[in-house]
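Same order as they appear, the protein sequences are chains A and U.
With my numbering, you'll find the first sequence wraps up at 506, consecutive numbering, no jumps.
With my numbering, you'll find the second sequence wraps up at 175, consecutive numbering, no jumps.
To be clear, the hints were calculated from the coordinates, so they are not data collected in a lab.
Small disclaimer: the values here were computed from a predicted structure and weren't measured.
Honestly, I wouldn't trust all of these hints.
[Unchecked claim] Keeping only pairs whose Cα atoms sit at most 27 Å apart, straight-line, the calculated BS3-like set for lysine-lysine is:
(1) A/K328 x U/K105
(2) U/K76 x A/K465
(3) A/K328 x A/K419
(4) A/K465 x A/K423
(5) A/K465 x A/K339
(6) A/K340 x A/K419
(7) A/K171 x A/K263
(8) A/K328 x U/K44
(9) A/K340 x A/K465
(10) A/K340 x U/K106
(11) U/K71 x A/K465
(12) A/K140 x A/K263
(13) U/K71 x U/K105
(14) A/K263 x U/K106
(15) U/K19 x A/K263
(16) A/K340 x A/K328
(17) U/K69 x U/K105
(18) A/K140 x A/K128
(19) A/K171 x U/K4
(20) U/K44 x U/K105
(21) A/K328 x U/K12
(22) A/K503 x A/K419
(23) U/K105 x A/K465
(24) U/K4 x A/K263
(25) A/K18 x U/K76
(26) U/K4 x U/K19
(27) A/K18 x A/K171
(28) A/K18 x A/K503
(29) A/K328 x A/K423
(30) U/K106 x A/K465
(31) A/K504 x A/K18
(32) A/K128 x A/K18
(33) U/K12 x A/K171
(34) U/K76 x U/K106
(35) U/K76 x U/K105
(36) U/K69 x U/K106
(37) U/K44 x U/K71
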Amino acid sequence: MAPSIESQFRTCAVTGLKVHLPAQRLILANAVAAVVFLLVGGILALLIGLTRWPAVQLLPADLYYRFVTAHGINMLVFWIVFFEVAGLYFGGAVLLNARLVQPGLAWIAFILMVAGALLTDWIVFAGKADVMFTAYVPMKADPLFYLGIILFAVGAIVAVSLFFATIIVAKAEGRTSGSVPLVTFGLLTAAIIALFTLLAGAITFIPTFFWSLGWIPTFDPGVYRVLFWAFGHPAQQVNLAAMVSVWYALTALTVGATPINEKLSRTAFVLYILFINLGSMHHLLVDPGLSSPNRIFNTSYFMYLAVLGSMIHAFSIPAGVEVAQRAKGYTRGLFEWLKKAPWGDPGFSAAALSFVIFGFLGGTSGVIIGTMQPNINVHNTLRVPGHFHATVVAGTTLAFMGLTYYVIPLIARREIVGKAWAKYQPYIYAMGIILMILGMNFSGMLGIPRRTWDISYAGAPLAVKFPESVYTTLGLVGIGAAIAVLGLLIFVGIAVASLLFGKKRA
Amino acid sequence: MSLKVPERVWWKPLGWQEKVWVTVSLVWCLVLFLMMPLWMAVGKQNNPTETYRVSPARFLETASALIEKYKVGEEKGIPIIRPPRGSDVYLVARMWQWNPILELKKGETYRLHVSSLDLQHGLSIQPLNMNFQVLPGYDYVLTLTPTQAGEYSVICNEYCLIGHHNMTGKIIVRE
Ligand SMILES: [Cu+2]
Chain A
1 MAPSIESQFR
11 TCAVTGLKVH
21 LPAQRLILAN
31 AVAAVVFLLV
41 GGILALLIGL
51 TRWPAVQLLP
61 ADLYYRFVTA
71 HGINMLVFWI
81 VFFEVAGLYF
91 GGAVLLNARL
101 VQPGLAWIAF
111 ILMVAGALLT
121 DWIVFAGKAD
131 VMFTAYVPMK
141 ADPLFYLGII
151 LFAVGAIVAV
161 SLFFATIIVA
171 KAEGRTSGSV
181 PLVTFGLLTA
191 AIIALFTLLA
201 GAITFIPTFF
211 WSLGWIPTFD
221 PGVYRVLFWA
231 FGHPAQQVNL
241 AAMVSVWYAL
251 TALTVGATPI
261 NEKLSRTAFV
271 LYILFINLGS
281 MHHLLVDPGL
291 SSPNRIFNTS
301 YFMYLAVLGS
311 MIHAFSIPAG
321 VEVAQRAKGY
331 TRGLFEWLKK
341 APWGDPGFSA
351 AALSFVIFGF
361 LGGTSGVIIG
371 TMQPNINVHN
381 TLRVPGHFHA
391 TVVAGTTLAF
401 MGLTYYVIPL
411 IARREIVGKA
421 WAKYQPYIYA
431 MGIILMILGM
441 NFSGMLGIPR
451 RTWDISYAGA
461 PLAVKFPESV
471 YTTLGLVGIG
481 AAIAVLGLLI
491 FVGIAVASLL
501 FGKKRA
Chain U
1 MSLKVPERVW
11 WKPLGWQEKV
21 WVTVSLVWCL
31 VLFLMMPLWM
41 AVGKQNNPTE
51 TYRVSPARFL
61 ETASALIEKY
71 KVGEEKGIPI
81 IRPPRGSDVY
91 LVARMWQWNP
101 ILELKKGETY
111 RLHVSSLDLQ
121 HGLSIQPLNM
131 NFQVLPGYDY
141 VLTLTPTQAG
151 EYSVICNEYC
161 LIGHHNMTGK
171 IIVRE
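Could you put the whole structure together from the sequences, leaning on the hints where they help?
This is the structure:
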């Protein structure tokens, strides 16, 4: 007979939640894998950033292109998806006081993801896949590159499915009743978007894998772009929904915020599922082969209803913080509640900075460059990475960092080592990112292309001359990247030191 | 609390502040929603849609014939062509060159055909900063009227392997 299921639980002294120990181990394993890939991506970010700074131009051309490829995949896929899987197990099992169904299968998913990630990284660093994150056909990588991504995606699909199953079983076993908590609900929307994102990924990469092996003779580049972005763009919407869930979680953990209206917040998440996916076509606005109605639809369409979802969170989250703070007696004037917020708590400051940078630099720039005429001026310039570093780096990554400061004490049950460093870490990181984003946007406005090693075009037959100011704006990119990576290294240092040497909590 | 199961009935009416915020946001979203087709219809947006299927070999053949016919010079081994006013002009993208150099006349309207012979490329005209995706197999027709004389750089802004940062070209606009 197996031991009683109850022996697999412990009760958290802080939150009172019943934590399923196999789930706890899986959350930790996925979070640790995430941080390892974050470290790899971060070191690459520094090298790339310093290469784009013309005064430094650190790397030779071949390594620059190789490392941009690796940076994109390690950050956008490996770091974020591993962390999201940890988040799903947390939201599915721990928040519902439930058990994670099939921990054995979850470990298989983990192993598949690790194997896929290592295979892809190995091929990329071996120089057999200098194709960028987008891997646009007919540019061809080693078949194992695509196989690695497919393995990773299969593992992720299994993990996402286990999250759904965990919620269903938790209800069936009566471990939770009524509606799921808002954070779990938000993660559920992220998981639903993730499921069709990963399926689109399979539809993209499996034929590409066959094509790279020669089993399929040709692969239309226009079709590939449609398929790839049906995967590539929704993947960022997963990050969006997960990030907003983390904002709700962090404001609850740090100031005890409660959603002011569950109906409103939940409706906003549903708007993401229904409408945000259409954003994929924005990547194709200046492609050949698209009709005028297609472009009109995809620049006006219902995406604005997804924007409405974000506008609702933009209201609900700070309002929740204000209500909680005022209840604590911070009622003087209009803004005492904000002034007396726990700005020294890295969980709070990370959420707040992520919220502000995402909102003002990330979301807005996305709406602007998703319209037809501006898109012609933006396509493939540095404004594009300028946009998505504001969403995925300053937004998602910073929010996930903030949550890590709570995952370590609550799940790993270790005290944070270097609390004084942790206090400043989100600010350092955010400052670097802001400088870098501004540098990228200004450079892009002056025409500087993304993913280009040398903008002096010294080796080109026909000279190209950009205005002198690009040397300043690209310097900003390099300096900003260096500061951000410093913040990233402090974060990784704190996380690793805490996991290894942090005082054990009861 | 966002981390806990909500109370049994959470479907509650919004407060007046929320109603105001949601209404303002929704109205603004609808304004943007309508702006786009409107702008497309009356705003004189650049919106090139004309596209044909073409094999790289066929595209190169057509372009080469025109280069031979209208060549007026060379720069660094790259032909300079002066096509007739208002004609169809061909620009070939390949690793790692834009070919030929085009000499156009200010105020005339041309049909610029652009396609790739190998990988995907990015047609980026500087300092105008106008950017279009170029794919092999697709003949993308951009109707353009130069409005200012001068020399324009053409760069590639879609990564196309190791020589990507050497892929340049030129468009000259004469009075
Ligand atoms: Cu190119």
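Do the hints match the structure? See the list:
At most 27 Å may separate the alpha-carbon atoms for a hinted pair to count; A/K328 and U/K105 exceed this at roughly 72 Å. Annotation: proposed proximity of U/K76 to A/K465 holds, straight-line Cα distance about 17 Å (limit 27 Å). A distance of roughly 25 Å separates the Cα atoms of A/K328 and A/K419; the hinted pair therefore holds under the 27 Å criterion. At most 27 Å may separate the alpha-carbon atoms for a hinted pair to count; A/K465 and A/K423 exceed this at roughly 44 Å.
Distance hint between A/K465 and A/K339 is unfulfilled; the C-alpha atoms sit about 48 Å from each other, more than 27 Å. The suggested pairing of A/K340 with A/K419 holds, with an alpha-carbon distance near 20 Å, which does not exceed 27 Å. As the CA atoms of A/K171 and A/K263 are separated by approximately 21 Å, the hinted pair is consistent with the 27 Å bound. For a cut-off of 27 Å, the pair hint linking A/K328 to U/K44 is broken: about 56 Å separates their Cα positions.
The hinted pair formed by A/K340 and A/K465 fails the criterion: a straight-line CA distance of about 51 Å is larger than 27 Å. Our distance criterion of 27 Å between C-alpha atoms is broken by A/K340 and U/K106, whose separation comes to about 63 Å. A hinted pair counts as satisfied when its Cα atoms are at most 27 Å apart, and U/K71 with A/K465 qualifies at roughly 25 Å. Note on A/K140 and A/K263: the hinted pairing is violated, with a Cα-Cα distance of about 48 Å set against a maximum of 27 Å.
For a cut-off of 27 Å, the pair hint linking U/K71 to U/K105 stands: about 15 Å separates their Cα positions. For a cut-off of 27 Å, the pair hint linking A/K263 to U/K106 is broken: about 59 Å separates their Cα positions. A distance of roughly 12 Å separates the Cα atoms of U/K19 and A/K263; the hinted pair therefore holds under the 27 Å criterion. Only pairs whose Cα atoms come within 27 Å are accepted, and A/K340 paired with A/K328 is accepted, the gap being roughly 10 Å.
In summary, the hint linking U/K69 to U/K105 is supported, as the alpha carbons are separated by about 17 Å, within the 27 Å threshold. In summary, the hint linking A/K140 to A/K128 is supported, as the alpha carbons are separated by about 9 Å, within the 27 Å threshold. Distance hint between A/K171 and U/K4 is fulfilled; the C-alpha atoms sit about 15 Å from each other, no more than 27 Å. The hinted pair formed by U/K44 and U/K105 meets the criterion: a straight-line CA distance of about 22 Å does not exceed 27 Å.
For the given pair, A/K328 sits about 25 Å from U/K12 by alpha-carbon distance, which is consistent with the 27 Å threshold. Restraint check: the Cα-Cα separation between A/K503 and A/K419 comes to about 12 Å, which is no more than 27 Å; the hinted pair holds. Taking the CA atoms of U/K105 and A/K465, the gap is near 22 Å; set against the 27 Å cutoff, the hint holds. For the suggested pair U/K4 and A/K263, the alpha carbons sit about 15 Å apart, so the restraint of at most 27 Å is met.
Using a Cα cut-off of 27 Å, the hinted pair A/K18 and U/K76 is violated, with the two alpha carbons roughly 73 Å apart. The suggested pairing of U/K4 with U/K19 holds, with an alpha-carbon distance near 25 Å, which does not exceed 27 Å. Simply put, A/K18 and A/K171 have alpha-carbon atoms about 15 Å apart, close enough for the 27 Å limit, and the pair holds. Among the hinted pairs, A/K18 with A/K503 is consistent with the structure: their alpha-carbon atoms are about 22 Å apart, no more than 27 Å.
Of the supplied pair hints, the one linking A/K328 and A/K423 holds, its CA atoms being roughly 23 Å apart against a limit of 27 Å. Taking the CA atoms of U/K106 and A/K465, the gap is near 22 Å; set against the 27 Å cutoff, the hint holds. With a CA separation close to 19 Å, the supplied pair A/K504 and A/K18 stays within the 27 Å bound. A distance of roughly 47 Å separates the Cα atoms of A/K128 and A/K18; the hinted pair therefore is violated under the 27 Å criterion.
For the hint linking U/K12 to A/K171, the alpha-carbon distance of about 24 Å falls within 27 Å, and the restraint holds. A C-alpha spacing of about 25 Å is found between U/K76 and U/K106, which places the hinted pair at or below 27 Å, so the restraint holds. Simply put, U/K76 and U/K105 have alpha-carbon atoms about 22 Å apart, close enough for the 27 Å limit, and the pair holds. For the hint linking U/K69 to U/K106, the alpha-carbon distance of about 21 Å falls within 27 Å, and the restraint holds.
Proximity of U/K44 to U/K71 is assessed by CA-CA distance (about 34 Å); at most 27 Å being required, the pair is judged violated.
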